[in-house]
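Listed below, chain by chain, are the residues.
There are 2 protein chains.
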Amino acid sequence: MTKNGKISDAVIRRLPKYYRYLGDLLKNGINRVSSNELSKLTGFTASQIRQDLNNFGGFGQQGYGYDAKNLRDEIGKIMGINNNYQVIIVGAGNIGQAVANYAGFYEEGFEVKALFDKNPKLMGLKIRDLEIKDIDDLPEYLREVHVDIGVICTPKEVSQNVANILISNGIRAIWNFAPTDIKVSENIAIENVHMNESLYTLAYYYKNKKEIN
Amino acid sequence: MTKNGKISDAVIRRLPKYYRYLGDLLKNGINRVSSNELSKLTGFTASQIRQDLNNFGGFGQQGYGYDAKNLRDEIGKIMGINNNYQVIIVGAGNIGQAVANYAGFYEEGFEVKALFDKNPKLMGLKIRDLEIKDIDDLPEYLREVHVDIGVICTPKEVSQNVANILISNGIRAIWNFAPTDIKVSENIAIENVHMNESLYTLAYYYKNKKEIN
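For the record, the sequence lines run as chains A and B.
Per my numbering, the very first residue in the first sequence carries number 18; after that it's consecutive.
Per my numbering, the very first residue in the second sequence carries number 18; after that it's consecutive.
Keep in mind that the hints were calculated from the coordinates and are not lab data.
Ideal placement from N, C-alpha and C gives every residue a C-beta, glycine not left out.
Among the clues, some could well be false.
Said to hold, decoys possible - Covered, in the sense of this in silico footprint (three residues per stretch, anywhere, with C-beta under 8 Å from a C-beta of chain B), are these stretches of chain A:
no.	segment
1	27–35
2	61–70
3	85–98
4	132–140
5	218–225
To be verified - With a straight-line Cα cutoff of 20 Å, these simulated EDC-like cross-link-like pairs (lysine to aspartate or glutamate) come out:
no.	chain 1	residue 1	chain 2	residue 2
6	A	Lys226	B	Glu124
7	B	Lys57	A	Glu203
8	B	Lys227	A	Glu203
9	A	Lys34	A	Glu124
10	A	Lys34	A	Asp90
Work out the full structure, taking the sequences as your base and the hints as a guide.
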């Protein structure tokens, strides 16, 4: 059912939240949860939650609710979490280093294999036991090592070029932190983290709530 | 018109993109732009763009298009960009330091005034000439200094508590990087940057495109 590609973007984007909240429940020793309880946690309606999970065949039992561990495992499988993805980061500045250092990703099976930069001052510097490599060596590296996900943390002026190099050397998933929209063909997965857009949105709501109150 | 609070979230979230693309056009010496040209850049339809901008009274002229500088300035005003927001960061780990170091924010009028952490090893360390302060001093700091935006870059276990401290000391806008949903009352502006949810979503599309192709 996940292969028909008909699951809406909105559903896909709610799945990580279910995954996260179910993890929190399990950590607190709670193994059984109703759609109503999930509703209180996530802020989505109970019927929305049941509908979302029905997309993937359900997993709930009438009168019992959901088995939290089972549901979390299934969502993890659907999302492809814990598949041991090999990750490289291009751009080893503040954001690139922060991504490399973020322990949570390693726990979920995303393994950073290398960082690349063009700044000679960063060459040889180590982040989490990973030596920063010269970006000129990127194509050769990609011909030798299997990489699933390329993370782009470069200035926006070069980010499209970096994406092109990654894709022409076989990478099929790009996580972009550069504050621009990278253009890729249909068969490439891309996700943007546009921090500045998030900050501007916050500024808007801050300003407008101030005016309202 | 921006005061009635009726502009939809979806419109608000497109505004930063218009702002960014208009800035790129101006940098390239392009001062006049049609909704069709904006459509090609942003990927939104021309009618969507015209409708969005009509929410704020328009700014376009029939047969001429939009004056890029004027339109960008107006959107900036609507968003509240360049209002010289005073920002503090709680949690001076990788993400907190990356946010503090991100030059783009300073250019747009968001000024980081201080970082706070509870790790004694970080005390006194300087990020961009800002000394990392003890989180125990946060309430006193907030009583003395006006702060618009509190950025939360702590572990998720303490993020709600940090938010409560910020809010009870007068902060009305929170930018949250902790991988959890912080609960705030209606009058507080909050924006989340959930990096792990973005990465899981990427993993999903990567996995499913692989299956489709």
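Evaluated hints:
1. Counting residues of the segment 27–35 of chain A whose CB falls under 8 Å from any CB of chain B gives 5; the rule of at least 3 is met.
2. Against chain B, the segment 61–70 of chain A contributes 0 residues with a C-beta closer than 8 Å to a partner C-beta. That does not satisfy the three-residue criterion, and the hint is violated.
3. Coverage of the segment 85–98 of chain A by chain B holds [criterion: at least 3 residues with CB-CB distance below 8 Å; count 4].
4. Taking a C-beta to C-beta cut-off of 8 Å, the segment 132–140 of chain A contributes 0 residues in contact with chain B, too few for the three needed, and the coverage statement is violated.
5. For the segment 218–225 of chain A, the stated coverage by chain B holds: 8 residues have a C-beta nearer than 8 Å to a C-beta of that chain, and at least 3 were required.
6. Only pairs whose Cα atoms come within 20 Å are accepted, and A/Lys226 paired with B/Glu124 is rejected, the gap being roughly 24 Å.
7. Taking the CA atoms of B/Lys57 and A/Glu203, the gap is near 17 Å; set against the 20 Å cutoff, the hint holds.
8. Under the criterion of a C-alpha separation no larger than 20 Å, the hint pairing B/Lys227 with A/Glu203 is consistent with the structure, at around 12 Å.
9. Distance restraint check for A/Lys34 and A/Glu124: the Cα-Cα separation of roughly 17 Å lies within the 20 Å cut-off, and the hinted pair is therefore satisfied.
10. Proposed proximity of A/Lys34 and A/Asp90 is supported: the alpha carbons are some 13 Å apart, at most 20 Å.
Violation of the numbered hints given earlier is confined to hints 2, 4, 6; the remaining hints are satisfied by the structure.
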